[in-house]
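Going down the list, the protein sequences come from chains A and B. Take the first sequence: its letter number 298 is residue 298 in the numbering used here, and every next letter is one higher. Take the second sequence: its letter number 78 is residue 1078 in the numbering used here, and every next letter is one higher.
I should point out that these hints are in silico values taken from the structure, not numbers from a laboratory. Backbone N, C-alpha and C fix where the C-beta goes; we use that ideal spot for every residue, glycine too. Treat the hints with care, since some could be wrong.
[Claimed, not checked] Simulated DEER-style distance windows between Cβ atoms: (1) A/307 x B/1129: 45 to 53 Å; (2) A/85 x B/1035: 48 to 56 Å; (3) B/1133 x A/283: 49 to 57 Å; (4) B/1087 x A/81: 35 to 43 Å; (5) B/1129 x A/110: 51 to 59 Å; (6) A/214 x B/1150: 29 to 37 Å.
[What the hints assert, rightly or not] With the Cβ distance kept under 10 Å, some of the chain A side facing chain B (calculated, not the full set): (7) 83; (8) 86; (9) 106; (10) 135; (11) 194; (12) 278; (13) 289; (14) 291; (15) 325; (16) 392; (17) 421; (18) 429.
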Amino acid sequence: MRTPNLPRSGSRRTAVRAAVAVLSATALTALAGCASAGSTTATSASGAASFKPATQDATSTVTVWADSTRLPSVQAYQKSHPDVKLNIVTYDGSADGSTYLQTKIQLFDRTGSGWPDVVFGSPTDVTWASRPTKPGATAFAAPLDQNLVPQSTLDNFAKGSLTPCQYDGHTYCLRNDIAQVVLWYNKTLMDRFGYTVPTTWEQYQALGEKVAKEHPGYLVGSVGDTNSQESYFWSSQCPAFQLTDPDTLRTDLSSPDCTRMSNLLDTLIADKSVSTQGFFSQGFAKDSGSKVLMANGPSWYGQYLFNAAFKTPAGQIAAAAPLTWDGETTAATGNVGGGVWMVSSHSTNLKASTDLATWLTTSDANQAGAPTYPAYVPAADAWLANPDNKKYFATDVSSAFKTAANEVWTGWSNTKFSDATAWSSVVLPALTAGKTLTATLPAWQTAIADEAKSVGYKVTTQ
Amino acid sequence: MTLLESRRVTAPVRRRGTPRRRGGGGLAGYFFVGGYAILLLAFGVFPTVYAFYLSLTNDRGQFTGINQFVKVAQDYRFVPAFTDMLLYLAMWLVVLVVLTVLVAVVLRGRMRPGLSALFRFLFYIPGALAGVASVLVWLFMLDPAVSPVSWLLDSLGLHTFAAVLTPGNLPVIFVLIAFWTGAGGWIVVMYGALNNIPDEVLEAAKMDGAGPWRTAWHIQVPMIRQWIAYMAILAFAAGTQLFVEPQLLQTASLGRVTPTWSPNQLAYVFAFQQGDFNGAAAISVFLLALGLIGAGLLVRRSDMFKVDEG
C-alpha cells in the first residue's frame, strides 16, 4: 500500500489538464439533461394505500420504545399480560424537539430491519411517520383505522385530540395525553398578597405590573422554555404554524393576534415579572422556584413543574380556566406536548402491538393513574375521579382541566418540523441579548418560513 | 555531538539496506499492511466513493450532475454553517499553532526536565478523555449555576447559561474545548520535534549571540516547520468535522444553539431529519474538497514532502 510517487511537474500538468477535461465533460453532461435534486418524499403517495402487513407471528416479541415517564405503564401492561413477550426500551420520547426516533427510523428504513413495534412519540413524529421516508419504503406508522382499532374506540378521544394523528383520511396514532394550557397560580401567595385570579389577559397584564411594583422578584410567568411559545402565542391564536392545506403553511407574525401577546409579554419582561429564563432551565427552581405566583402553562405543570421541580408543598397550587381577551367571549388555549403511541407497519405481531397501544391509551387501569391528562374521554373522567391526581392541589382542578381540554385552538397545526427549533435558537437568544419579543417577531417568522420551505411546504405570510 | 555522529553512521547503512529488504520480506509486509488496508477500504475509501455516488444522484438513483451541490449551497443554513465553521477554524488554527509551539519551546528550553515532564503529562490528560466526556466537563464549566469558575463568568457579565451561549460566544467556546482536549497531544509532539534539533545547532546559535527567543524564532521554529504544517493539516481536517461539541451543546442548552451550527450538523439534519441522504452526501463532498484544498496549500507552502538532502 505505498503511496504512488508524485508525478513530476511536467506529467503533473498533463494530469491536471486531463482531470480538468474529465471534470468539464462531466459538468457538461450534468448540465445537459439530468434529474432534479429534489426528494420525492414530500409528494409521494400515501402510505395507507400501500399498507400490507408483514407475515404475522402471534408469538413474536413486541419491542416497545417509551420515554421514562411512560415506562411504568408499559411495565404494568407486562404484569397484567404475562403471556405477551415484551422488549422494553427507554429513550427520550422525542421530548424538547429531539429527533432521535426519526433518525433511527430513517436508518432502519435504509437497512430494512430493526424497527420497534410500538413507540411513544410526539405529534410531530406522526407527520413523518405517516408517510414513507424514501421511495419504495412503507410509512413507519400503521394506519390504525384499518382493521386494527375499532372506530368506536377512536370516536371516544377528546375533540381534536386525534387531529395530529390523521393524514390523508387515515389515523396513524393513538393520542396518549393532552396538555391543554391553563392558568396555574399559587393560591397561598395570591391570598397572602390579596390578589384575585385574573380571567382576562388584560387583567393578567395589570396584575403582572402590580406584582412588579408591590412584590419585586415574584413572577407571573416565563417565556424562556423551549415550549413557552405554545403556552402564550398558541393561546393568543397567533397564526405562526397554520397549515391552510396539507402542503401550505401560513406564518404571519405581524398579525394583531401575535403582537397583542408579544406587547403584553414585553411589558411584563421589562417589569421583570415575566422571566426570560426558562422554568426548566438550570438553577431556576433553586433560585426562583418559590417565587412563581402564576404560570400560564400545560396541565402537566402541576405535577412536573410545581411538585417535582419547584418542590412547592402540597395544598398551595391551583389551576384556573384559560384567559380570554377583552371583547372575545370564548377562550382559546394552547397545548404543550401530549404524546402519541404509534404501531409499526413492519410489526410481525400487529395484534399484540395494537392491543398494547390501545390498553396504554384507553384503559382505566392504566390511564386513571397516568402521570398526565388522558386524551381518551372516559379515561380522563377516571383520571379526574382518582383522588391521587388531585390531592396535591389547593382546589379541585377538574373544571379548569375539562374546560381547557375543549378550548384548545385548532389553528396551530402539527407540522413536519418542530415548532420549538426556531423559538429556541432564534427568539430566546435574542431575548437573552436584551431585544424585545415584538422586535424579534420578524426574525422568528423568517426562521419558521425557512424551516418550512426546507421540509417542502409552500409558505404564505399573509 | 553524539547525535550528529550516529546519524552519519546509520544513514548510509539504511540506504544500502533498503533495496535488499524490498525484495525479501514481501509476504510478511503485505500481511502487516493487509489489516489496515481492508479497514481503510471498508471505512474510508468505500464510504467516500459512495458519498460521491450519492451526491451525483437523487433518491430515485437518477444522475443529477451538480444539482445536489447547487441545492445544498442554496439552502438557507449552508452559508451560516460554513461561516461558523471557517470562523472557528481560523481562531482554532491560530491559537493551536501559536500556543502549542510556544509552550513546547518553553518546556524544551526554559524548564527543568522533571518539571517539563510533569507539565507535558498534565497538558496531555484532557486529550485522553473521550470527546463527549470533555464536552460534558465544559457544560459544567460554562454554566454559572454550577461552574467552579462562576466568579469569572460573572465578572464577564455572563450570569446565566443562556447568556454564555449567545451565538457570538460559540466559536470561542468551541475553540476552548478543542484546545483543552487537543493541544496536549500536539504539545508532546512538538516537544519531540524540538528534541530532534541537534544540540550543536542550538549551541552555535548561542555562540553567535542569539537569546532564547531569537533562537526559538530563527532556529527552532523553522526547523520544525514541517511538523507544524502536519499539525495544521490534521487540525484543519478535524476542525471541518466539528460535530459533537455543537450537537451536545444544542441538546444541553435545550435548543438555544441552532441544530445546524456546523456543516457536519447540517449534513446530519439533511440525512436524518429530511431523509435526504443525497443532499447530506453533497455537503460531505464540499467538506472533503475544503479539506483537500487546505491540506494541498499547506503541503506546498511548507515543502512537507521534500526529501532532505542531508
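Distance restraint evaluation - residue 1133 of chain B, residue 283 of chain A, Cβ atoms, bounds 49 to 57 Å: violated (23 Å)
Taking the Cβ atom of residue 214 of chain A and the Cβ atom of residue 1150 of chain B, is their distance within the range 29 to 37 Å? 31 Å Cβ-Cβ, so the 29 to 37 Å window holds.
Would you check whether residue 278 of chain A satisfies its interface hint, that is, whether its CB is within less than 10 Å of any CB in chain B? With a minimum Cβ separation of about 7 Å from chain B (threshold 10 Å), the hint on residue 278 of chain A holds.
Tell me if the interface restraint on residue 135 of chain A is satisfied: Cβ within less than 10 Å of some Cβ in chain B. holds (6 Å)
Close enough to count: is the Cβ of residue 86 of chain A nearer than 10 Å to one in chain B? violated (27 Å)
Hint validation: residue 392 of chain A versus chain B, beta carbon distance must be below 10 Å. Holds or violated? Residue 392 of chain A check fails; min Cβ-Cβ to chain B is 26 Å, beyond 10 Å.
Verify the CB-CB distance for residue 307 of chain A and residue 1129 of chain B against the hinted window 45 to 53 Å. At roughly 37 Å between Cβ atoms, residue 1129 of chain B and residue 307 of chain A fall outside 45 to 53 Å, so the hint is violated.
Between residue 1087 of chain B and residue 81 of chain A, does the beta-carbon spacing fit 35 to 43 Å? With Cβ atoms ~56 Å apart, the hint is violated.
Hey, does the residue 291 of chain A contact hint survive, CB to chain B under 10 Å? violated (16 Å)
Taking 10 Å as the limit, does the beta-carbon of residue 325 of chain A come near enough to a beta-carbon in chain B? violated (29 Å)
Quick check on the hint: residue 429 of chain A CB to chain B CB, less than 10 Å? holds (6 Å)
Given residue 83 of chain A was flagged as interface, is its beta-carbon under 10 Å from a beta-carbon of chain B? Nearest chain B Cβ about 37 Å off; hint violated.
Violated hints, listed in ascending order, are 1, 2, 3, 4, 5, 7, 8, 11, 13, 14, 15, 16; each of the other numbered hints is respected by the structure.
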